[in-house]
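Number of protein chains: 2
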Amino acid sequence: MENIPSCWGGMRSLQWFVAGSQVLGIACVVITGVWMGHYRGGYAWDGSVNQFNVHPLCMVLGLVFLYGDAILVYRVFRNESKRSVKILHAILHMMSLIISIVGIVAVFDFHASAKIPDMYSLHSWCGMLTFVLFFLQWLLGLGFFLFPWASAWLRSVYLPLHVFFGLALMVLSIGTCLLGITEKLLFSISQTYSKFAAEGVLANVLGLLLVGFGIIVAYVVTREEFRRPPSPEEEPISVHFKTLTEGTPPVTP
Amino acid sequence: MENIPSCWGGMRSLQWFVAGSQVLGIACVVITGVWMGHYRGGYAWDGSVNQFNVHPLCMVLGLVFLYGDAILVYRVFRNESKRSVKILHAILHMMSLIISIVGIVAVFDFHASAKIPDMYSLHSWCGMLTFVLFFLQWLLGLGFFLFPWASAWLRSVYLPLHVFFGLALMVLSIGTCLLGITEKLLFSISQTYSKFAAEGVLANVLGLLLVGFGIIVAYVVTREEFRRPPSPEEEPISVHFKTLTEGTPPVTP
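Quick mapping for you: the protein sequence lines, in order, are chains A and B. Residue numbering for the first sequence follows UniProt numbering, starting at 1 and increasing by one per position. Residue numbering for the second sequence follows UniProt numbering, starting at 1 and increasing by one per position.
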C-alpha cells in the first residue's frame, strides 16, 4: 500500500505498534485462559467438557498469537541475518502448528466421547480450512525458502502469495475464533447472554481484542516503511534476478 | 506487498479476478435472499421476524458486495479520470451506507417489537463498530478527497489510513456476517444444524463464499501491478509534494 508520513508510520512508531500487538495478544491468551479456567470449569484430558476447554486456549495461543508473532519477526528483527529470521519464523510457525494440532485433537476427542457430531458448523468449516491451508503454507514455505528445493523463479512466484495468504490466514483464524466465541456463548449461556452476563461481556471483549491484534499485525506488515531492508546476503541473487526479469529493484518480505 | 510474476498478478489476470469477485459477490446476495426468502419466511416491514429477514440481505448487499465494489473501482476503471472514479467510489459507498442503515433499522425495529434486547452479542458489537467506523471513514473521505477541505499534507497523511482501514472494515464486515450466520442458525435450527440440514449447509456455503469474495477483493487491492497508474491530472501536486517531503515517486490509491 502507500507510504505514510512519520506520525503514523515512521520507524519510531514501529516499536509502539509491536508493543501494542504484544499487549493485545497476551491479553487474548490470558482472557481465553480465564474464561475457560474460571467460567467453564478448567482443563482436563479425559473426554469431558473440560477437555473441550483446551481447544479455545490452544487455538488463540497457537493460531492467533504465535502465528501473528511469526509474521512480525521480519519487522521486529530488521537487522539480524535473513537466514536467522527465517529460521525463527519457521520455528514460531511450527510451535503454532503443534499447539493448533493439540487444540484440534482436544475438540474431536471431546466430540467423540460426548457423541457430538463433527464438522457441521461454519466455525468448524472455517477452522478446518484455515488449518489445512496453514499446514500447506508451512510445508511450502519450508521447502521453498528454508531448503534449496525451489528455483529462484519459483521462489519469486511464491513469495508474494506466501505473504498474502500468510496474512489472509491469520485474519481467517481470528474470524474463526470469533465464530467459536459466539458458538460457545450460545451453547453455554444462551439464557443470560442477552442480560449482559459477565462471562458474555468478557468473551465479547476477547473478540474485540482479537480483532485489535489482527489490525495491528496487518498494519505493521503492510506498511512500506516498516519493511525489512534488503540484506547483503540476499542481494546478490535477488538483485540480479529482479534486474534481469523486471528491471526493478528487489523486494523483501 | 511484493511484485508478482505475470501468471498470478499480470494485468490480464485482473479481469479474471474482478469477474470472480462479481460472481462470488452476486452469489452471496442471491443465497442470502434465498435463505431469508425461502427458508425463513420471506420479507415484511411490520415488526415481525420477516422484518428481521431484511437485515441480513441489506448487510450482505450493502456492507459487503457494494462496499467491495466501491473499493474495486480504482482497479477496474484504471484509465478513466481520477475525479470520475472518486465520485463513483463515493456514490457506491453512499449506496452501501443507505442500504446498511435500512438493514440496521430493520433489526432494531424487530427487536423493539419482539422485546429482544439490543447490542449484547459479539455480532452486534462487531457490526456496530464496523458501521460507525465506516460512516466516519465515508465522511472523512468525502471531506478530504472530494471537497477541497484538507491541505495536501493532511490528504497525504490520511490517504494510506483510508486505504488500510477501508480494506480492514470490509474484512470486519465479512467477519460480522459470519457471526450473524452462526447466530441465526443456532437460534433457528439448533436441533437440525448438527444433522447437516439443507438450510445450515446453504448458510455455511454462504459464509465460505463471503470469505472468498473478501480474499479476491483484498488480493486485487494489495497487488502492486494492479494499482492505478498516476494520471496527468494528479501528478503535478503529488509528484512535487512527495519529492519535496520524501524524495520518492508518488503513490496512488
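A few of these clues could be false.
Pairs of lysine-lysine, PhoX-like flavour, derived with a Cα cap of 20 Å [stated by the list, open to error]:
1. A:K195 / A:K115
2. B:K184 / A:K82
3. A:K184 / A:K195
4. B:K195 / B:K184
5. A:K184 / B:K115
6. B:K195 / A:K195
7. A:K184 / B:K195
8. A:K115 / B:K195
9. B:K115 / B:K195
By construction, these hints were calculated from the structure, which means they are not laboratory data.
Hint by hint, here is what the structure shows:
no.	hint	result
1	A:K195 / A:K115	31 Å, violated
2	B:K184 / A:K82	48 Å, violated
3	A:K184 / A:K195	16 Å, holds
4	B:K195 / B:K184	16 Å, holds
5	A:K184 / B:K115	24 Å, violated
6	B:K195 / A:K195	30 Å, violated
7	A:K184 / B:K195	18 Å, holds
8	A:K115 / B:K195	13 Å, holds
9	B:K115 / B:K195	31 Å, violated
Hint compliance for this structure: hints 1, 2, 5, 6 and 9 are broken, all remaining hints hold.
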